[in-house]
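J.: So you can see what is in the structure, the chains are spelled out below.
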Amino acid sequence: MKHLVKLGWLCVALGLVAGCAKTTKPDEAAAQAAEPVANPYPSTYKPAAGPPTLIRSATVLTGTGTRLDNADVLVVDGRISAVGPSLQAPAGARIVDGAGKWVTPGLIDVHSHLGVYPSPSVQAHSDGNEATGPVTANVWAEHAVWPQDPGFEAALEGGVTSMQILPGSANLMGGRSVVLKNVPAVTYQGMKFPGAPQGLKMACGENPKRVYGTRRQFPGTRMGNVAGYRAQWVEASEYLRDIGEYERKKKEGNKDAKPVKRDLRLDTLAGVLKGEILVHHHCYRADEMAIVLDMAKEFGYRVSAFHHGVETYKIANLLAENGVCGALWADWWGFKMESYDGIPENLAFVDAVPNGCAIVHSDSSEGIQRLNQEAAKAATHGKRAGLEIPPERLISWVTSNAARSLGINAQTGSLEAGKMGDVVVWNRDPFSVYALAELVLVDGVVQYERAKPTPPRSDFLLGQPAAAGVTP
Amino acid sequence: MSRRDLGSHLTMAKHRGAVASLVLAVAATVAAGGANAESVLIRNATVHTMTTAGTLKGTDVLVTDGVVTDIGTSLSASGAQVIDAKGQPLTPGLFGGMTHVGIEEVLDPTTEDQALEMNEMRPEFDVMKAFNPESSTLGVARIGGITFAAIIPGTDEKSTIVAGEGAIVRLDGGTTKSRILFVELGSDANEISGGTRAAQFMLLRQAILEARNQAAIAEGDERLLTPLGRKVLREFIDGAGVILFDVDRAADIRQVLAFAQAEKLKIAIAGAAEGWRVAAELAAAKVPVFVDPFENLPDSFDSIGSTLENAARLHKAGVQVGFTMGSTEPHNIRKQRQTAGNAVAHGLPWDAALAAITRVPAEVFAVADRVGTIEKGRRADLVLWSGDPLEVTSLAEQVFIDGKLQSPRSRQTELRDRYLERIRSNTAR
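So the protein sequences, as listed, match chains R and X.
Per the numbering used here: the first sequence = residues 1 to 472.
Per the numbering used here: the second sequence = residues 1 to 429.
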């Protein structure tokens, strides 16, 4: 049990710095005038080749709002090949009897700190908040991901095949996120989701103003938070304008054209303004989310999702009209003032409005293992409020809607021909507390099979006498 | 609760024009009673007694003046409110674990009363003096089927390992005489025990020595405890309550067992992430443990042996297993039954999982004469569920404490109903 709250899980949720992060001053002079290399830290993930897999006679939730009873799912060469009744097994196919079982797309968590706040949560592992200044858009979460975090394999056993790893919420602009596939690797590049856009983590409210306000630094208020963001967007707009100007002059053959001094922070913000980097904004209160949406219009960018949004139910239409998803918990509330108005119907309300985009996120190494249960709880409360959400719709909260907010919905998040073979076979209706993932395919490769326990994947757990006989 | 009160809930829901379905469903099952409004007859329930009587299908439970007075079939009671359970599960009210419900409203120094930060060991610090029965956290938990919980003091940087005294409360705000002395051990407490867990036992031994030899301490002697602290600790040594040790590492649990045996202490253990590794010793010592069934990651070097099968393995070894959440944070203790369901998914028998949040905590904290089971003579703390009480798709439909039907409303239902109409009319913006 945790009683020293300031040292516990709240570090992440609250963006607390004391006892969570000890960092040094960043080197502002790191910026170079050199031409940026496209994709400097490329994914090296290549799924292993393997036989086709045919799952037969299961209840299939496709992630596109459809439920198919007694249907088959065929995965060939790492991709979904077909979904439907009585499919033919290709030669050499691995056949999975799906009778009585349920099949869903691999689950996606859009808000995880696995790898950057890994287990064990010792000081040396605290890599999620670069809380040395309120704007650190220059940092990339991927440069701190520890692939040996035992939380990855625990999440895999919960059916999670992709996840977004974000910087924490201490800062107004905390840095770039990375989307990973949940596969074992020694380097994070070996997990990196090929072609997934990066995100920018931003944070509203209490965390930035507390972290810096208590140090008598800017920002110390919500006013300061918004002024802080806006100053950055002004600068980023000018940066983009200057780069455009330089490129125009260069094209015209103007010898006096001087390249703009490269700035890693502004590169990130410019990426947002160009629509290449997706904004994931940590924001609890309805009023603050509305301010952020106005600000996005002011500077001409889009918010992909509000994360945590415990008050999203108060403005569900506003999000839907702006095409913004709500990445939310099922029932967390009250752990700080800005979360005091949380209700367990939040997700159901967000789902209920036209064009609503509800996503269950975890922000927790425990919650990521049970996204299906969290969705089930939220739907149960929705049903009691008169908002019935059938399983074929509910599954989108942890698959296709999540993929949409991450910009990877063309590749994964549903069982449609041509998409990645990210598939979970559950021993029963996944929206049950007793449901267990029995088989998890990532790009068609079996990454987890409950019937065949393996030694821990994390090097950390190897040779630990206490861990003998334990699978996380 | 009188019929008039029930009617007022109906009226409230009608005025709000929302979520009437649940409230109506609750009210509709309550047939018109007679003059004696203090009797409730719950008909045709699947009664999980949590006693040797086991689970009784198609069974009636009669509650008179707050006490279960009969369990059987075809019971009748003139003038009783009759509730048709339609075969749904009826359980004892559930336990919310070790928590700060009522002593911490929200993360702010003005609402946080859980930790004594005086750098002094004060077992006499009784956190119940700060308990607020009107905290919004109680209602939220109560409508989720949680009817009792262990309120324990917390620790912070300026606390000591002996955090102080707490108690079992009932979530209608009522208190009990059950006493708990909470002691924090292991790496979580290193910074409040001179930087080493070894000092934790040094401090405990000295404190117990002082408490046992109250008269022998002269004025001006170096001492750890105040006179009142010595008195209170002596009461716990003499068995007036349970000393609850929060400890995870197998080696630390062994130290606690040896210490408790040497000092003849009545103890329980909370946390016990590696409890399964010392299950035989725990069983032999008859020390109950309260585990978090979700704990399966090596959150620290104290819990490298964490596994989802901890509860199942402890139970199989004969240890008395109760549940608590991984954090004492007070807002989401309704999640306790979800943890119990997960323990079942990982090998714990269903009955043992329900016992871990009903009978076991009642027995360990000496309130089993009041709560934790459904049997004749016990207080009627009951929950009628829409389905399997450990299932995430079930909800508490009716909650009784002392035989009184609790309001189905909380601060959260008020918020829900204020905004539900805007959702329905697409005007939430």
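For the record, the hints were derived by calculation from the structure and aren't laboratory data.
Check each hint, because a few of them may be wrong.
Beta-carbon label-pair distances, calculated as ranges [said to hold, decoys possible]:
(1) 468/R - 351/X: 28 to 38 angstroms
(2) 223/R - 227/X: 24 to 34 angstroms
(3) 387/X - 67/R: 16 to 26 angstroms
(4) 425/X - 299/R: 24 to 34 angstroms
(5) 70/X - 454/R: 27 to 37 angstroms
(6) 425/X - 254/R: 29 to 39 angstroms
(7) 213/R - 158/X: 51 to 61 angstroms
(8) 57/X - 468/R: 56 to 66 angstroms
Listing some non-contacts, in silico: residues in chain X with all C-beta distances to chain R over 12 angstroms [as the list claims (entries may be wrong)]:
(9) 65
(10) 344
(11) 351
(12) 423
Yeah, the Cβ is synthetic: ideal placement off N, Cα and C, and Gly gets one too.
J.: According to the definition I'm using, a residue is off the interface if its beta carbon is farther than 12 angstroms from all beta carbons of the partner; does residue 423/X meet that for chain R?
T.: Non-interface label fails for residue 423/X: nearest chain R Cβ at 5 angstroms, not farther than 12 angstroms.
J.: Cβ-Cβ distance between residue 425/X and residue 299/R: within 24 to 34 angstroms?
T.: At 32 angstroms between Cβs, range holds.
J.: State, for the Cβ atoms of residue 213/R and residue 158/X, whether the hinted interval 51 to 61 angstroms holds or is violated.
T.: violated (23 angstroms)
J.: Between the beta carbons of residue 425/X and residue 254/R, is the distance compatible with 29 to 39 angstroms?
T.: violated (59 angstroms)
J.: Is 28 to 38 angstroms respected by the C-beta to C-beta distance linking residue 468/R and residue 351/X?
T.: With Cβ atoms ~30 angstroms apart, the hint holds.
J.: Far enough from chain R: is every CB of that chain over 12 angstroms from the CB of residue 65/X?
T.: holds (31 angstroms)
J.: Determine whether the non-interface label on residue 344/X survives the test: each CB of chain R must be over 12 angstroms from its CB.
T.: violated (6 angstroms)
J.: Tell me if the beta carbons of residue 57/X and residue 468/R are separated by a distance inside 56 to 66 angstroms.
T.: Once the Cβ atoms are compared, 43 angstroms apart, the range 56 to 66 angstroms for residue 468/R and residue 57/X is violated.
J.: Indicate whether the distance between the beta carbons of residue 70/X and residue 454/R respects the range 27 to 37 angstroms.
T.: Check failed, 55 angstroms falls outside 27 to 37 angstroms.
J.: Against the range 24 to 34 angstroms, how does the distance between the Cβ atoms of residue 223/R and residue 227/X compare: consistent or not?
T.: This hint is violated: roughly 52 angstroms between Cβ atoms.
J.: Go ahead and decide if the range 16 to 26 angstroms is satisfied by the Cβ distance of residue 387/X to residue 67/R.
T.: holds (21 angstroms)
J.: Residue 351/X: least C-beta distance to chain R exceeds 12 angstroms?
T.: holds (15 angstroms)
When each numbered hint is compared with the structure, violations occur for hints 2, 5, 6, 7, 8, 10, 12.
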